[in-house]
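The listed protein sequences derive, respectively, from chains A and B. Here the first sequence is numbered in our numbering, starting from 8 and rising by one per residue. Here the second sequence is numbered in our numbering, starting from 8 and rising by one per residue.
I should point out that these hints are in silico values taken from the structure, not numbers from a laboratory. A hint or two may mislead.
One copy or any two copies: either way a pair holds, since identical chains are not told apart in the list.
Stated by the list, open to error - In silico lysine-lysine, BS3-like type, Cα no more than 30 angstroms apart, as pairs:
| no. | residue 1 | residue 2 |
| --- | --- | --- |
| 1 | K27 | K15 |
| 2 | K13 | K67 |
| 3 | K61 | K176 |
| 4 | K13 | K23 |
| 5 | K176 | K110 |
| 6 | K65 | K386 |
What follows is each chain in one-letter form.
Protein chains: 2
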Amino acid sequence: MGKTAKIKKLKKKVSKLKAKLAAAQDHTHKVSPLAPASFPDLPVIAGARFSAVKAGVKYKDRLDVMLAELQAGSTVAGVFTKSATRSAPVLDCQAKLGGASDKGAAFLVNAGNSNAFTGATGDGSVAAITSAVAGALDVPQDRVFTASTGVIGEPLPHDRITAKIDELKGLLVPDAMQDAAQAIRTTDTFPKGAKAEVKIGDRIVHIAGFAKGSGMIAPDMATMLVFIFTDAKIAQEDLQAMLSDLNEDSFNAITVDSDTSTSDTLLLAATGASGVDVDQNNTAFRTALNDVMLDLAHQVVRDGEGATKFVEVRVTGAKSDAEAKIHALSIANSPLVKTAVAGEDPNWGRVVMAIGKSGAYADRDLLTIRFGDILVAEKGWVSPDYQEEAGATYMKQDDLLIDVDLGVGDGQATVWTCDLTHAYIQINADYRS
Amino acid sequence: MGKTAKIKKLKKKVSKLKAKLAAAQDHTHKVSPLAPASFPDLPVIAGARFSAVKAGVKYKDRLDVMLAELQAGSTVAGVFTKSATRSAPVLDCQAKLGGASDKGAAFLVNAGNSNAFTGATGDGSVAAITSAVAGALDVPQDRVFTASTGVIGEPLPHDRITAKIDELKGLLVPDAMQDAAQAIRTTDTFPKGAKAEVKIGDRIVHIAGFAKGSGMIAPDMATMLVFIFTDAKIAQEDLQAMLSDLNEDSFNAITVDSDTSTSDTLLLAATGASGVDVDQNNTAFRTALNDVMLDLAHQVVRDGEGATKFVEVRVTGAKSDAEAKIHALSIANSPLVKTAVAGEDPNWGRVVMAIGKSGAYADRDLLTIRFGDILVAEKGWVSPDYQEEAGATYMKQDDLLIDVDLGVGDGQATVWTCDLTHAYIQINADYRS
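Bound-form chain A, shown alone (with noise of 0.2 angstroms):
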């Protein structure tokens, strides 16, 4: 070979191992692999505006708040983190649920800066931020329900949040949720969106709702804020219930890290807007308004940070429910699990010594541990039709499904979670700085 020959061939190596070394110090995606193809074309909830700016917050150059308006009459239920460091919004919402409703209401987000732990000075900035909502919007202050997230510990400066409000106001319309669900975003890699629709009578009545990841994601709750609107009239108290019901199988069964945010927040509003009556025992919307949910809790386990394995682990067979929900957790949780389905080893054995730690009581030699379809253990032992190859292929696809029969009781739960990877240590080791 020529020299000239030799020098462009090595050239090519030199950017050849370049290229190599970029993707093997860079374990991020720009966008999930089990991310959804799109974002879903989400219905005008008939009784909502929403609108979103760039107010500079921490993030420079994106939508970091957002402003949803509700109706006069609209009924506002919520959820929230059960951390004993709750932030200061997450307060002050819960001191808000179930006041009146005959007036109008508003939800304030912003991004970049959770205000939790944040004294007195927190308290303060909720004050600031809800007082000129409420001038803006002329709504009454107590309807004027705030959520935060990035960053803790440092103080929220929430004077560039109230800057925006008159621009936040003029851009109000019915159809910016998709704007408002990017506002919301941290390291969420996808906005997250969901609907259902439901005929009650001849009428239909609409749900729609955005969330955000995407670590510290674990009951109760997770960093996640969830907004829910649907224009069906719904008594405070009736939402309510439906809400808290139905979250402890969607959002309180979702787990990324084990780790709980400070700033957990789910609002449901019902404008009322459509007219149709519904209450709390209104099988069709529950099951309309659980599909909702679902499918925003799904879609944050399929943005766990550096997730791509998303994981239903489905334990049935316990001696309570809330047993079978131990174990689940446990399974869900387990680091050795996680970098095992990351690896796309069919470990069972880590499966095995989940359910041993997990607190709840399991009998060895009566469990049965299949991957998807594929029995790979029961009676205390490997059985005996498993073939390991089987089982690694079954591995190697994006969901999984890891179901365990315990053989002691009629308990079930279903929980779900997303493998554990280089790019969650990549995100998270370097995350403030």
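Chain B: place on chain A using the hints.
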């Protein structure tokens, strides 16, 4: 530049990039950066002899089975995993504790296969091994204790072990504890030993032991095998009482990844060969035993899979000691805290989050958080004197202290953990394949 010079330069660049790529792809350390400088020079424990052989249980051409022979009259105490899916060897040991100690005893331990979740076959393997050891050493079978560590759910090829019993017997010598420590390693990057001596009256008694880690390390207890020996003369009840008590603040106060093994075993033998009587109220002996246990427990954390930081989490001012430990473990097990430590990020917000989610009582506005001596946060907010650079500089150290005062009571607890790094992912996403 001439073409020859250019080629030389490009070749250099290629080899540099190759090295960088290899480093980026391999996060593991040959030896943990937190390892002690060397294995300690362990004293002979009169009445105990040790040997180790290469049995090829799983690993080829390395020590993987060890034998300890204990003279007649030796008492044995033990603590074990609380997993509901405990391994066959653990169940066998638990059944044998407290038996008559007038005859001799033995410990046989293998690495490479944990004989866990192996059904009735697992019990058969234990019986085959204990029977062979009993025959060879002329000790009762119910005085032969075994422990196994390694892959779960595969039958233990116990023939490979029983075939080596005569060789093990022939090699027994008083000063082979280091070989034994080598033989029980799995993913450990260094063998772990510790010792102490106690003056009682004008006589000296010795304590020495060894351990292995290094994943699934969490209360209660860890994939931890620990064997400690003393020449003191101690009744079984006293030995067990001391061990159970001291275990709570040593091996039950460390966590690598929150996962708990099905095989954790700590056996403590007192040969009585020194002729010095010790009971459970002997403070000097207790202190020395505690030193050995803490030393080994800390070494297990220092060899946690992928560890680059050793972290002490100290919680004071809790409602009770038990609540303090719940908070401390919540901090120590939080993936977000552990990745922040890995990233040398003084992210005290994640400490607040972990306290909030623990389930034990805390008041956000009474918390005080220190990194080492640096006051970071107090009264619900960052301390006015805190300088981020001071925190960042502190986090660069290998050994870190996260110090939390809850300000709500007198309860306290200390636990130890390590950081969560790319190497942990690498080790555990590939362990089985």
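Hints and how they fare:
1. K27 / K15: The answer is both: 19 angstroms in one copy and 22 angstroms across copies each meet 30 angstroms.
2. K13 / K67: neither (46 angstroms within a copy, 43 angstroms between copies)
3. K61 / K176: within (14 angstroms within a copy, 76 angstroms between copies)
4. K13 / K23: The answer is both: 15 angstroms in one copy and 18 angstroms across copies each meet 30 angstroms.
5. K176 / K110: The answer is within: 17 angstroms in one copy meets 30 angstroms, while 87 angstroms across copies does not.
6. K65 / K386: Classified as between: cross-chain Cα gap 25 angstroms, same-chain 55 angstroms, threshold 30 angstroms.
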